[in-house]
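Chain by chain, the residues:
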Amino acid sequence: MQRFVVLTLNGLTEGSIYAAMALALVMIWRATQVVNFAQGAMAMFTTYLALFSLENGAPYWLAFVIALGCGFALGAVVERVLVRPVENKPPLNVVILTLGVLLVLEALAPMLFGGQIRSFPAAFSIVGLRLGSLQVPFSGFDLFTLVSVLVVMGLLLLLFQRTDLGLRMRAAAFNPEVSRLLGIRVGRMLTLGWALASVVGALAGLLIAPSLLLYPTYMDQVLVFGFTGAILGGLDSPPGAVVGGLVMGFALSYVGGYLGSDLETVGALVILIAVLMVRPRGLLAWRAQRVV
Amino acid sequence: MRVSVFKWRSLLTPTLSRHLGLALAAFIVLLVLSSQIGAYDDYNLAAIAIFVIATTGLNLLTGVNGQLSLGHGALMAVGAYSTSLLLRGHDLPLILVLPASLTAAALVGAVFGVAAARLRGPYLAGATLALAVGLPQIATRYSHVFGGEEGLTVAPQVAPAWLGADFPPERWIAWIAIAAALITMVLLGNLLQSSVGRRFKAVRDHEAAAALAGINVARTQVVAFVVSAACAGLAGSLFAYWSGLTAPSGFGVALSLQLVSAIVIGGLGSLSGAVWGSIVLVFVPALTGGMASSLNLPSAVGNNLPLLIYGAVLVVAMLLVPYGIDGGLRRLFALARARWAGAASNHKGVVDWDDPAGG
Amino acid sequence: MLEIVDLTVAYGPVVALERVSFTVAEGSITSVLGANGAGKTTLVRTISGLVRPRSGSIRFNQKEISRLAPEVIARLGIGHVPEGRGVLAEMTVEENLRLGGLWRDQNDRRASLAEAYELFRPLAERRHLPAFTLSGGERQMLSIARALSARPRVLLLDEPSLGLASLVLTRIMARIKELVRERKLTVVLIEQNARSALSVADDAVVLSLGRVVAHDQARRLASEEGLRHAYLGF
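Taken in sequence, the protein lines are chains P, S and Z. The numbering used here numbers the first residue of the first sequence as 1 and each following residue consecutively. The numbering used here numbers the first residue of the second sequence as 1001 and each following residue consecutively. The numbering used here numbers the first residue of the third sequence as 2001 and each following residue consecutively.
In short, the hints are calculated from the structure, not lab data. Beta carbons are placed, not taken as given, at the ideal position from N, Cα and C, and that holds for glycine.
Just a sample of chain P residues kept apart from chain Z, beta carbon distances all over 12 Å, derived:
| hint | residue |
| --- | --- |
| 1 | 81 |
| 2 | 128 |
| 3 | 257 |
Residues from chain Z shown here face chain P by an in silico Cβ test under 10 Å; the list is partial:
| hint | residue |
| --- | --- |
| 4 | 2050 |
| 5 | 2090 |
| 6 | 2098 |
When you get a sec, could you build the whole thing from the sequences and use the hints?
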């Protein structure tokens, strides 16, 4: 029982990070119909920038904000400069393009910041919280991780459901032509969508860095689990991304805990494929498949 | 009306003789070339031929049939591990090991193809990516069978005695790989021209229309997956002979992504595209690696320079040659021909490719 | 209000409009008629900026707009109800309507939302449902109501009668005529059904194979038998 609680809490924390990554991918997918394979590498790069700021005397929170800000800028630049020109090219081109961006960033990071594995500080204690005399396997930083992911999701929900800007962004993603007829600057909205998604990705990078340690490819597995989470939930559905990310977190934690850590990935992927066999467009796909 | 999707007869079309002639000529040219170059270049030539087999198969699946696979590296792993396991403690001839490994990969491909036929676009990409991530881990988990992280070793193929005692083994494996690549290309080239190939394309272009025309869409997709997996298995088997070692690290996600990038850079949906892509795949890292080490850079820079350049090549290629090298060359030829004819306005019909000129 | 001079539009080698010229007066309804493929839809898509003309000019209030982006033209006050797929199916009815009033202040928005629900009852009942739950006619209503919430100075209507019950269409056209009279709204109306279009329009332009073959008062065109037989099919 105690083991179960430990694994559940662990799954919740990691799942919230996969959920954030999945949400970033879904936001970009909805805006531009692109799976951004560079999302993880972009988050890796901004986390390196945070570490660089810390080493140059910046306080933790400033470094945190710098990373998120750079994530915003990086997302905007990648969309505007690289993705936009291949918009009307065969759909695989943009996939290869994002893979190219991934490789460039993973090569650039060790060139600029050194290739050795680095530790990254956590904002709060990573020792389990105490409830009375009981120590639970859930640290202050775990709590912070969970809360910050929830806050970001709440803010995004507000943005998309309650503001004009969010309304314009959604319209631009759903139907660019009609949106332009309504006076919406579609290109700008899509750039903004990428930028915001990259902020969410950058947050995931910062939150998981203390436990994974920092090296150029440390976000690769987070990207893979985030992506599988996103398609588990349904790429068109932001709530689906959150659910899918959490399911991945729990699945990885339980499989790793009960069946052995070397089966962790295989187990989670078997779950993914099993779910896709039953629901080929994800758990929360509600939109009827477009025929013709 | 039910139409049988796969007919072996369809491999023996009239174009076969033309393809065979071309392949034979290419084989002779490549053998002569291979004999003139050093062992290291022969080693790279073998690598290109092996990648050509894998990318031709992948191009059939992705370029011709429209199913994106990010997991073909895992199917290569099936071929490589089959070979390594068959050769462990037995001294089986290559001529038996290659088809056996090919069959093993085709069987795995059939199972996966049935699953893949239900999935589309990014969902298929995600599921195949899962295959690429998951399969190598099985090798680590069951290390008593698969040798764990260290992997399994494979003894190099020794050239037959009549070629001389000092015939380099790199050249011999290059010859085998080239022969296998050319046979693969001839078979797939004929398949593409046959009714099976037309069905592959019909399903890619418009699933609903293909279904209305009496094509069994799911079955066509499974067949494409099986043929493609067989190619990956053959390539994997040769890869095991070529590298002498089969280990999980050689078949990571990176390999699968390299294969996909090769067909897009080379040109989707064509045999020559797969060849161009494989050349880029082998030569860009080889050239940049040599360049980086000769520049005397600090190790953090020098070690990562090839990766940086490869990534930049992918990005720039997608921006500048969106239809791949093959598409770019075809357009160039079309332009040259139009200029030659003195009628630049009428170059319609010259490009009988999937409309790279943009419709 | 809207001056079109020598407008030529081509899709590659195919010429869709050739030297089209006509003027639309402020506060009037001009109907554009013609067979399928005559270039009617291309004409309104060019006015709203979705299609770039090869040559010629479009002036709105003396301002050249033929090289502006559609979003800029929309904000100048030209509303376009596209043929068929105008609604954002994934968004709710109310969100669709809100998109119409994006560039107006809060009070105006509330007023036009209320007005839209008043005019189109079925929309009020489904305000919080996604637009893909609407019938074809209701979608058309939503598309028109959304365009009206932007309070355009010029309204381009591409086949508004498609999928609409004639009773609903009559009400919509009555409302549009009201706006034309009260607020000097200018309307360009594309219709397949020439007879009904001529009955509401002040002027009419007849297109055939991308050229203007007639431009006159709607009343007079309706009485020209030869023209009716040749181009309008009644």
